[in-house]
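Below are the chains, spelled out letter by letter.
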Amino acid sequence: MLLLIQYTIIFTAILSLVALGGCFSEHSGVINLGLEGTMVIGAMGGALLMRMLPDGTPVFLIVILVILISIVVGMLYSCLLAVSAIHCKADQTIIGTAMNLLGVAVATVIVKAINLSINPDDPSSIVQYVAEKQAFLVNIGDFEFNWFSLIALVALIGSYVVLYKTRFGLRLCACGEHPQAADSVGINVYKMRWAGVLISGMLGGLGGIAYIIAGASEWKFENGVAGFGFLALAVMIFGEWKPHKILMAALVFGFFRALGNVYSGIDFLSNLNIPSAFYTMLPYIISLVILVFTSKKSRAPKAEGIPYDKGVR
Amino acid sequence: MENAYAIEMLNITKKFPGIIANDNITLQLKKGEIHALLGENGAGKSTLMSVLFGLYTPEEGIIKKDGKEVKISNPNDANDLGIGMVHQHFKLVECFSVLDNIIMGVEPVKNGFLDKSVARKKVTELSEKYGLHVDPDAIIENITVGMQQRTEILKMLYRDNEVLIFDEPTAVLTPQEISELLQIMKNLAAEGKSILFITHKLAEIMEVADRCTVIRKGKYIGTVDVKTSSPAELSALMVGRDVNFHVEKKPQELKDVILSVENMSVAGEPGKQDVIKNVSMKVRGGEIVCLAGIDGNGQSEFVYALSGLLPVKSGKIKLCGKEIQNMSIRKRSMSGMSHIPEDRHKHGMVLDYPLEDNMILQTYFKPNFTSKFGFLKRKNIRSFSDRLIEMYDVRSGQGSVTIARAMSGGNQQKAIIAREIDKEPELLIAVQPTRGLDVGAIEFIHKQLVAQRDAGKAVLLVSLELDEVMDVPDRILVMYEGEIVGEFDPKAVSQEELGLYMAGAKKDEVKV
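Residue numbers (our numbering), protein chains in the order written: chain A, 511 to 823; chain Y, 2 to 513.
FYI, nobody ran anything at the bench for these hints, they're computed from the structure. Just to be clear, a hint being listed does not mean it is correct.
What the hints assert, rightly or not - Restricting the straight-line Cα-Cα distance to at most 27 Å, the calculated cross-link-like pairs of lysine-lysine (DSSO-like) are: (1) A:Lys812 x Y:Lys347; (2) A:Lys752 x Y:Lys117; (3) Y:Lys111 x A:Lys701; (4) Y:Lys123 x Y:Lys72; (5) Y:Lys111 x A:Lys675; (6) Y:Lys347 x A:Lys701; (7) A:Lys675 x Y:Lys92.
Computed from a predicted structure; not experimentally measured.
My request is simple: use the sequences and hints to build the entire structure.
Take a look at the structure:
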């Protein structure tokens with residue numbers, strides 16, 4: 511049971527982080543379907559750094575450096591979206607899809623190249639971080655606390671405050687709702703959209719490293735992040751683009767995802783003799799079902815997905 | 002000596018490829034006056050305002066503020082000079098509150114957080130001072146168009162703008178709201194604000210404006226003192242000839258009932274009430290019936306239900322005695338219904354198709370245009386399209402092959418009208434057929450509607466323009482919140498009376 515709670519918390523945290531990323535981007539008016547790819551790239555940055563850090567690096571330094579590098583790499587990767595969607599006015603759905611494909615490919619190629627350069631007999635795309643991973647975990651009795659849960663909580667509260675209580679948030683939302691109105695009062699729509707996309711890259715990268723640390727002590731980058739970025743988008747929609755509701759939505763999805771990990775340890779569930787694949791599918795099935803019922807009601811930012819053109823009035 | 006002019010635009014010339022949009026135009030706005038800018042569609046009013054807001058750089062001419070020459074290269078410069086504008090299409094974020102919309106761009110901030118209490122106080126004070134009665138915490142999408150417009154006015158006042166520009170502000174308002182707005186404008190001028198009022202409605206100019214500058218086809222015609230002028234003089238200046246505002250009609254010859262709607266209801270969005278509530282009405286051959294009302298009271302949905310774009314929840318629609326409420330759109334169209342849609346870009350044309358393909362959108366499957374084997378007969382389509390273009394004087398760059406998007410709004414509308422009338426319908430439904438068009442095109446379209454009537458066909462006109470409502474039809478039905486609340490003879494009713502019904506202040510039992 512404790513394990514279920516522990517996993518629910520960490521998956522909720524990851525989903526919240528990435529969903530908040532999507533939320534910032536969409537509030538600025540840019541749909542970020544490329545979160546999945548951004549997560550992979552952020553995870554790769556963090557994982558490689560963890561492997562390269564010399565043994566004996568202080569724990570807090572590991573945590574800070576890994577988080578920093580994932581954030582920076584995620585932001586850099588999201589620049590692809592920003593440049594093509596904001597300046598070249600490309601179709602955001604296609605860029606997002608391309609970013610997802612590219613993310614896994616780039617991560618695989620880079621990790622393989624590094625692995626081969628270290629050991630010519632190792633063409634795998636696997637990075638190990640068994641020891642470094644411990645830096646992120648604190649054991650409280652049997653309960654394993656993960657620093658990312660705290661970070662996610664801070665991000666949730668911070669996002670709420672930023673979106674609803676600050677000048678930046680008001681302007682950001684205006685750009686996603688009615689960019690012409692924002693422009694007419696002197697707000698630079700292009701700048702705000704850049705900000706939205708960069709924040710989403712930052713949170714996406716962070717979510718990526720959190721995801722692979724929570725799941726395992728080595729990661730095979732060919733597998734990407736198994737659709738977690740898409741799940742986060744579902745959380746965002748279910749959470750109606752609002753931080754407090756995103757937390758609720760993430761809890762629901764996080765719980766079912768955790769169930770897939772630990773069901774064999776719960777007697778009642780393992781006695782049901784349902785194939786494990788079912789539990790693995792569960793969060794994705796649930797997301798489909800929930801979205802069918804809720805997506806009609808929830809209201810996306812009005813101008814999202816539409817490139818802003820100063821000339822069109 | 003203090004300069005008497007708040008804004009002077011002197012000898013402005015702005016050219017676009019192939020056209021001179023502003024040709025040596027001078028506009029001088031005195032402090033504390035209401036100055037009307039009058040001109041037809043396409044006369045260059047918008048271009049002139051875009052120059053004032055720094056969106057266009059003029060080839061010649063200078064702009065002075067309080068007697069000093071200024072350079073305005075973007076809208077922010079104009080804001081900094083205290084020039085504000087209420088746009089024709091409001092620049093408001095619909096899901097934000099009134100207050101958020103007002104402070105957007107100039108948000109008061111304390112310790113990094115928004116400090117709305119100061120702003121709320123200022124907005125409430127301004128609202129009281131000028132009699133605007135706006136609730137700062139209301140959400141934009143829940144308030145009336147009139148309130149939204151006042152929010153735009155407050156936006157300018159909050160920024161302490163001295164020069165207020167109103168771009169066709171009355172187009173979207175009810176008669177009552179219009180008189181309130183005109184009163185607000187007078188209050189503002191009395192407090193020393195200088196107001197530029199862009200419009201083509203002469204009555205409003207006569208009521209509030211001190212002076213009026215007229216432009217025609219990009220040229221400066223003159224500035225007149227409104228007190229010593231008359232509507233006839235102003236309109237002659239605007240159009241360049243004496244205008245006959247009245248639509249010529251033959252005496253009416255009523256025929257059989259063509260359209261009959263019986264107890265029709267149309268469902269609204271899930272969870273909301275019906276948009277059309279148990280409406281019955283008839284249109285007979287040889288008459289033009291106008292469905293009047295303020296935008297958003299169900300007129301659009303009523304027509305959607307007639308044409309088949311929306312399903313009917315209950316009730317019957319009969320066309321020449323046949324029930325059509327369950328027919329497909331194509332069948333309705335083939336049974337003698339023509340529809341000039343409200344949104345010509347969405348429902349009227351495929352903008353990226355050439356004109357000739359747009360001409361056969363509803364008839365392409367007929368043997369004349371499609372062969373037995375399913376191939377289009379291009380030659381027939383071309384000659385058909387050429388004939389309509391000729392008959393209805395549809396002007397376009399390359400005739401039948403012009404891409405519809407490249408045509409002007411008036412000519413797109415003419416093409417739709419040509420297509421719809423050429424089908425020789427029994428019933429012609431025209432929804433706001435003259436919206437956004439200039440006087441010449443409006444005259445043409447009204448003539449076509451009257452010609453259908455004179456030929457014994459039924460015409461259902463949906464209009465938001467009071468002048469059109471009073472002038473064109475033989476009978477007026479007023480729709481309010483999905484119900485028909487009044488029936489009138491246009492010759493026997495005043496605009497004020499109609500306005501009361503349109504705003505829901507009065508209501509009759511209407512018998513069919």
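Does Lys72 (chain Y) sit within 27 Å of Lys123 (chain Y), going by the straight-line distance between their CA atoms? Between Lys123 (chain Y) and Lys72 (chain Y) the Cα gap is close to 31 Å, so the pair fails against 27 Å, i.e. violated.
Take the C-alpha atoms of Lys752 (chain A) and Lys117 (chain Y), compute the straight-line distance between them, and say whether it is at most 27 Å. Within the cut-off at roughly 21 Å; holds.
For a C-alpha distance cap of 27 Å, please report whether Lys111 (chain Y) and Lys675 (chain A) respect it. Between Lys111 (chain Y) and Lys675 (chain A) the Cα gap is close to 11 Å, so the pair holds against 27 Å.
Verify the proposed pairing of Lys675 (chain A) with Lys92 (chain Y), using a straight-line Cα cut of 27 Å. holds (22 Å)
Restraint check for Lys812 (chain A) with Lys347 (chain Y), where alpha carbons must lie at most 27 Å apart: holds (19 Å)
Is Lys347 (chain Y) within 27 Å of Lys701 (chain A), Cα to Cα? violated (32 Å)
Decide if the proposed pair is consistent with the structure: Lys111 (chain Y) and Lys701 (chain A), CA atoms, cutoff 27 Å inclusive. holds (23 Å)
Violated hints, listed in ascending order, are 4, 6; each of the other numbered hints is respected by the structure.
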